[in-house]
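Residue strings, one per chain:
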Amino acid sequence: MRARVLIRPKEGILDPQGKAVERSLPALGFEGISHVHVGRLVELEAEDSSRLSELCEKLLANPLIEDFEVQEIE
Amino acid sequence: MTSWGVLQFPGSCDERDALHACSLAGEARLVWHEERDLNGLDAIVVPGGFSYGDYLRAGAIARFSPAMEAVAEFAGGGGPVLGICNGFQVLCESGLLPGALLQNEGIRFLCRQVDLVATGADSVFLHDIEEGETLSVPVKHQSGRFYAPPEQLDELRERGQVALRYAPGQNPNGSVDDIAGVVNEAGNVLGLMPHPEHAVDSLTGSTDGLALFRSLAGVAA
Amino acid sequence: MSGSAQGSPALTGDVSPHRELGLTDDEYTRICDLIEREPNGVELAMFSLLWSEHCAYKHSRKLLRRLPTEGERVVMGPGENAGAVDVGDGYAVAFKVESHNHPSAVEPFQGAATGVGGILRDVFALGARPIAVLDSLRFGEVESERTRFLLEGAVGGIGHYGNSIGVPTVGGEIYFEEPYEQNCLVNAMCVGIAKADDMVRAAAAGIGNAVVLMGAATGRDGIGGASVLASAELDSADEGKRPTVQIGDPFEESKVLECCLELLKKGLLVSLQDLGAAGLTSSAAESASAGGVGIDVDVAKVPLREADMEPFEIMVSESQERMLGIVEPGKVTAVREVCAKWQTGSAEIGVVTDSGRFRILRDGEPVGDIPLEALVDGCPLYDLEPAAPADWIYGNSKTLGGGESPDELLLSLLSSGNIASKRWAFEQYDSIVGSRTVRGPEGAEAAVLALPETGRAIAVSIDGNGRRVACDPHAGAIEAVLECVQNLACVGAEPLGLTNCLNFGNPERPAQAWQLDTAIGGLAEACEKLGIPVVGGNVSLYNEGGDGPIYPTSVIGLVGDVPDPEVAPGNTFEAAGEAIAIVGPIRPELAGSELTKQRGELGMGLPAADLDAVAESCLAVREAARSGVLSSARDISDGGAACALAEAAMGGIGATVDIAPLLERCGGNAEATLFGEGCGGFILSGPHETLTGLASGGVEVLIVGETGGQRVEIAAGEASLSVPITEAASAWRSLGARIDA
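Protein sequences appear in the order of chains Y, P and W. Counting from 1, position 13 in the first sequence corresponds to residue 13 in the numbering used here; the numbering is continuous, with no gaps. To convert, count from 1 in the second sequence and add 1000; that's the numbering used here. To convert, count from 1 in the third sequence and add 2000; that's the numbering used here.
Pulled out of the complex, with its shape left as it was, chain Y reads as follows:
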C-alpha cells in the first residue's frame, strides 16, 4: 500500500512556525485565517501496513509532542 503520514504538533503545544505563518498573513492580505499549525508529511510504500502505527510511534513522530495520522492513498 501507499500511505501518507501526517504529523502535527500536539494540541496546546506552542508551534512557533505556525504562529509565524499566521502572523504574516494579514500583511499579505489574507484575513480571517487562524489556528495555523505546521507539521510534516511523510509518504511511503509498505508491503505490510500492520506495523505502520508502531513505526510512527517509534520514529516518524515523537508521541510526547506530536500527533500522527496514517492515511492510505490507494
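Any given hint could be a false lead.
[What the hints assert, rightly or not] Derived DSSO-like pairs (lysine-lysine); straight-line CA-CA distance at most 30 Å:
(1) W:Lys2529 <-> W:Lys2062
(2) W:Lys2422 <-> Y:Lys19
(3) W:Lys2301 <-> W:Lys2265
(4) W:Lys2341 <-> Y:Lys58
Worth flagging that the hints you see were computed from the coordinates, not collected in a lab.
Following the hints, position chains P and W against chain Y.
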C-alpha cells in the same frame, strides 16, 4: 583517571570540542556510531551537532545507532552519560531522559552566552556545583525548548530532576520553567542544551563548564 | 558525432543555440576553428559554461595580472582551489572568498547556503580542515520589503549550512544601499588549516589513474547555472529561473568533508577537486588541464538522482556536495571503503589519459571529444573599453531633514543599517564550534582564531565599502585593503595573505569597465606597497538591476598572524580612567561618508590615502596590541570618530573626549571631525604613557580624553555632543527590531 568516550555520528559537530573538554578531566577517545563495545570506558558524552543531519527530528535517528543501544545499556547499569545539545535531544528521544526538545520559540538558531543556575540536583556530573551557583555557558541551537507534559513536569520537580535553569530573564528558547538541563532519576544521566565543553578555557570563553567534567573525577577518587 | 542523437540543451529555437547559451558569434566561430568542426550539443554546452564569464574571467583576467601574488609565506597562490599561507610549525592556512550573488538574488536561503557549501569545498579540496567562515552581505535599504526577504533568507541559509556542518561563522559585514536592491551580494569566505606537507593540488596526474566522483548523486540542479545565472543581468523574469537553483545538504557535505580529509590523511588520493560552477565539466577539465594530461569520463557511470538525464545535463549539472578525486588504480577499493564508512557515494567514472583531450562517453561510446587546451585556455580574453563617467551615476536619497544637532546626527548614524550592531544576524550563527574563537563577531575589529597546532593564532577580517569605491574606485579600493589591515593591526596581527571578491556591474559598459579597471589598479597598488600577496580571488560581474549597476564592491579578505592570542585587545573600553588616543594620519572628510549619504549629497571623489603613513601607524598599533598594553583598539570607519567612540562605549564604559587636535587637521570643520571618514585612524584606550609612547616612531598620536562615566561626550571646538550610553546603545541595537518589523 576517568576514561571518557565521546560518541561520533555522521553529522556530529562538537565531538572534538567535547573530546578536548573530557581530556582536561581524564583521558578520552571518540566512539564511532557503529561501535557497540564500550568496554573500559567510565563515562560517555553524547555530543552536540546534527546527527544524521537532524532530519525528521533532532536526535530521532541517532537513537537507533548501535552505539546508542550500547549507551542505553551502559546507562541502565548506572554508567555516567552526559548529553549536550544534540546529545540531550538524542537522550530524550531514546527515553533515557524525560521530556522533549522543541523548536525555539523564536524559531531561529541562537548562539549566545547565558547564565545557568544550578538547582542542587543530585547527579554525578554536578557534585562540584553548589545549589544556586551561576555558570556562564554558551547555548547554540534551533530546537532547545524543553517541554514535558504538566504531570511529568511536576514529577520532575518533585524528584529533583531539574538540574539547571536559565537565569531569570535569560531563557533563550522558551523552555518550560526555564529548564536548561535535566537528570534521570538515578542521577547518572544528565542532559543539557547549553555547551559546557565550550566553557573550559579562558582563552575562548568562560571556564565554568569544567566543573561538570571534573565532578566525575572527584566522585571516582 | 552528431549533436541531435545525444540530446541537446533545451533551446527555444528563436536564435542560434550558441547565442542562447551565452556565446557570441565570434566565440562560436573560434570554437569551430579550435576543434576543426562544429561542436555537438554536449560539447557546446560544455564550451558555453567554461567560456562563460564566471569560469573564464574573460573580462577580468588581463586586469588581474596586475595583482602581486608572490610572498615569502605563500604556500599556494591563484590557480588552486584556494590560496594558502604558511603559519609556522609546518602548518598552512588556506582561505578564499567567493560570490554567490545571482543565486542568492533568486532564492536567498539556498543561494547563500550553497555559497557557503561551495567555499568550504574549495578549502577542504586542498586537504585543509575548514575552521571558520566569514561572510560579506549587501542588500537594498533596510526599509525595503525585498531587502528583509533577502536578508532573512541569506542569513538563515548561511547559518543553516555553517551551523549544521560544524564550522563557526566568526565574522562578516552587512551593508544596506539602494543600488543592491535588485542585485544583492552574498560573498562567503572560508578559512582552513592543514599541515603544509599534506596539502594536495588540483592537478590530475598519472596516466591510467582512475577518476572517482564522490559525494551526492547528480541531479538537474543548476543546469545552466554558470552561464545563465552568473553571466546575464537579472531581470523581471527571475521567477522562471527558480528551477535551476541548487539545493544544499550540509549533512552530505559534512560526510564528504570528513571522508576527503580521511582519504588525504591516508594518502589515497593523487589530487582532489571540488565540483562547483559548471560541475563535472569544469572540475574534470581544469584538473586535467592543470596536470597537462587528458581525461575520459563515462556519464553512464555517474550516479544519478534522476535516471533519464542526458549526457550534457550530467556534464553541466551543479548538484552540490560532490568532489572529484584522482586515484591510483590499486587504491580505488580502499577509497571506496572510506567513502562507504562515511555513508557517502563514490563511483569510478573515468580515467586519466595522455591524449590531452576531454572525452565524454556513454557506456563506452564517445558523445563528445574536445581538446582540453581549447576548452580551458581557448576562451578569448577581452580588453575593456573604460571611460570615466562625467558625474555620479547613482541616485541620492535624503533621509535627514537638515538642522540636526550633533547628538541627533550621532543617533541617526548609529541606528543606520550600515553602522548598527549586526547581532540580529550573527546570533543566528554558531561562532564557537571548534573551540578556536578567541574573538568572535563584534568582539574585536577582526576575528581571532587560536591555532593550538602552532601555539599562535590567526586574525581574519572581511571588508569592503562599495559606496566609497563608487565615489572613487582607486582610493576606495585602496581603503578596503587598508580597512582590513587596520582591523588586523587592532588585534596585533601581521597580514600574511589576501583574497578578494570583486563584485562589479556589466564590464561591457564603459563606466562599469572604468570602475573595474580603476579599482583593480587601487587594489594592486595597496597590496604592492604594503607587501601583501594576493593568494586567490573571485570576480563577479554583471551585477546590475533594472536601475543600473550595483556599487562597485571590492571585498577584501585578509588573514594575519597573531603570536599571542591571550593579549589580543577587544574593541570596547575596558576600564574607567584610562587615556583615549586617536592614532594615525586620518584626516576625516565628509566625502562618501554615511552622513553624506543620509543627506543625499553623494558625489565623486575621495581624499587619497597616504599609504606609507597608514602602514606606519598600523605597525605601531600592531606592536602595541601584541605587547598587551592596550585595553581596547578599533579603527575609525563608518560614521567617523564620533561613531567609533560611541561604539567603543557599548561595553558600558563611557568617554569624555575633546577632539580639538583633529579639528585642526580638518581645517576647523566640526562635522567632518566628528562624522567624517577616511582611512588611517585608530581609537585606542590604555595607560596614558603607553599611548603617548606610540608617537615615538613618527606616528601621529592625539591624546583626546579619558574613559569613564555613563555618557559619550565629545567636544570639537564650538560643536559638541553628549549622549547617554543607554541612548546610543538603543540606537545601535535597533536593527533587529527593524528587520523583524
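Hint check results:
For the proposed pair Lys2529 (chain W) and Lys2062 (chain W), the alpha carbon gap of about 21 Å is at most 30 Å, so the pair holds. Simply put, Lys2422 (chain W) and Lys19 (chain Y) have alpha-carbon atoms about 25 Å apart, close enough for the 30 Å limit, and the pair holds. A threshold of 30 Å between alpha carbons decides the hint, and for Lys2301 (chain W) with Lys2265 (chain W) the separation of about 27 Å falls inside it, so the pair holds. Annotation: proposed proximity of Lys2341 (chain W) to Lys58 (chain Y) holds, straight-line Cα distance about 26 Å (limit 30 Å).
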